[in-house]
Amino acid sequence: MSAVNTSECNNLKKGLDIANYSVSSIEPIDKISKIIYRSIDFVSNLTGKVSIAFTMLSFRLKDTADIIEGIALPGRVKEIACPDENGKYFFRKSSWQKCADRVFLVAASVFKTVYIGVKLSLLNLGKIAKVVIGKGVPLLRLIPDSLIAISSFFNCWENKNVLKEANANHKLATEKVERWSNRSTLIEQVRKGNYWEMVELEKNYKAKVEQLKTEIRESDAATDGPAIAQKSALIKKYEERMKKIKLHDNVGLANDLAKSDINFKVQKWSVEQSNAQITKTKAWLGIANSVGKIYVITFATTIFGLGLTTTPFMLALLGTGIVVDSIGLTKILHDYAVKKQPSLKEPVRVG
Amino acid sequence: MSSPSLALEPVNGNLTIVAPANNSISSSSTWYGHIVNEVKDRTHELCSKIASCVQQTLDVLGALIIDANTVGTIFRRLNGQVYNMLAKLKLVVCPLGKLKRATGHLVGWVDTLQVVGHVDYFGAKKYKNESDIKVASRVAICVADVSGALLWMQELRFISLSKAATSLGNIRLFSFIPKVITAIPLVRNISSLQHVAAYVGEIRVFGVFNKLSMCFIANGALALFNAFSAINAIQTISKASFSAQEKTQAALNLSYHLSELTLAALIAGGVTSAIGLGVVGTASIVTAVARLAYQTQTK
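Chains A and B are the protein sequences, given in the same order. Each step along the first sequence adds one to the number in this note's numbering, with nothing skipped, and position 124 is 124. Each step along the second sequence adds one to the number in this note's numbering, with nothing skipped, and position 187 is 1187.
Misleading hints may appear alongside valid ones.
[What the hints assert, rightly or not] Simulated coverage check for chain B against chain A, where a stretch passes if three residues somewhere in it have a Cβ under 8 Å from a Cβ of chain A: (1) 1045–1059; (2) 1102–1115; (3) 1220–1234.
Everything labelled a hint here was simulated from the structure, so no lab data went into it. Keep in mind the model is a prediction, meaning the values are calculated, not measured. For glycine and all other residues, C-beta sits at the position ideal for the given N, C-alpha and C.
All chains should be built: construct the whole structure from the sequences, respecting the hints.
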């Protein structure tokens, strides 16, 4: 009973902490504002009856979202121009897709700031500010939205690559967890001299030795020295075990298998499995957010450009916008609340 | 870079100037080479300093625009005092009406949302490890934010504070007592006890709300928050157990809270000079940015 209460208390504390973060940081406040004012506009378009209080709230939240978008530029520039806490610069540590994503996002932020400046009468761009594409898309609105769509495309690509790697890591970690969890059973079977286990083990070791030899052949001795040495040591270990299998030295082989700290290995690979799962979830949220943004921008540009601002289209646009912003908010709060655990290091053996 | 020296060596009994073995004179040994290298070094040094300055500025700006409280403070002071000062000094080059309106809406919304932070603070019992003065300052800002949120909701016409005040003022805390008395068989017929119960049941505990304005409560609580926070900062500076970094942070916090208190005192005292209020408002913004910048740099 007390364990359940403690767990509920911890969940409540975590929920309150996330709620606190969502109101003390500008990014989630932006998303919350957009979700609320789009919801109000959705209800207004659907029913035609919204109280004056909600209409005023919607108006104020639109202003809030505009200001937040207008002041976002320094943060975007900081991300690409300043080194991180490890002293690494963005362009050196990121893939080209992520670099392209951020460059287009910075460009979009510049134009968005200019657009907000014109909207608030801080900047006077003369005739350029009045240029409209199609039947109702201001040029100063179209440019940043197009750049955001391109940025989202590269973001989606980057997340797809990350997801592929995370899937592979997750699969490997799951196999390792299963293998190390069954290690004690395997050791008992080897000690008893189970024929089929020995055959399976020999087959596995042969395949691993072949794979490691191939990897060593493909490596560059000048640059991959430590990795090659590690692989060579592994090959030697597996060949010694295969020798023991051939000599039917069951006890020796079982003792060799029992040398590893099984609990540590299970823990280590469980952490890797959990971290891979977090990366996968983050990548999926990123993909959903990016695809949603591309869809909303394309849809909005089309209906405003063609002058199709009838109620069904507006409802569809607002509804999609609410969903995309909700995914964006979920992504932000997930990044805050769910952190990867540090990878466990092998303990140093004394003696 | 030192220039290779020409040596005096005896050759055939005579002292002779001997050139360096490789016979190549580096560019630094000539006067123009020296100047070129000097200019290169100084330019490189200057560029590195500028780049470092720009990066630190971007770091501070990046941290600033993420923190909702600081953004709210800056826009509040800009709207309240600084824009008026700039208009008075004829330094405004574009109309600020729409900007003031939009940023005012942002400040109102951000301030209203801070109530959730107070729910987290008290709900998760984060006050347990904090000093009494810090908890007191938190209570004060909580009252200020709740009052501010109620004022904001009245502006939007979600609620009517006067009606709320009247309802609150009419709450009779002990109204259940007459019902309890009349339920007891032996005592319900005793008329004096019934009179007493009826009197107790009529007591209004929250009647004071009818008489106080929410603005007064909000401003008073905000001043109290700044006062408590300033006292907390002074205590941090004076105690030997705190590190130099914590004391510096406390000093910056103290300067911010004192500028806010000064502004509150000037407004309460009826000062209407746009320039005077603008200067204090600017000081408040600068100190708010400075304390956040220090916090970011030392994290």
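- Between the segment 1102–1115 of chain B and chain A, see if three or more residues pass the 8 Å beta-carbon test, and mark the coverage as holds or violated. The restraint on the segment 1102–1115 of chain B holds, since 9 of its residues have a Cβ under 8 Å from chain A and three suffice.
- Query: For the segment 1045–1059 of chain B, does the count of residues with a C-beta closer than 8 Å to a C-beta of chain A reach 3?
  - Reply: holds (count 4)
- Message: If you count the residues of the segment 1220–1234 of chain B with a beta-carbon closer than 8 Å to a beta-carbon of chain A, do you get 3 or more?
- Response: violated (count 0)
Hint 3 alone, counting from the list given before, is not met by this structure.
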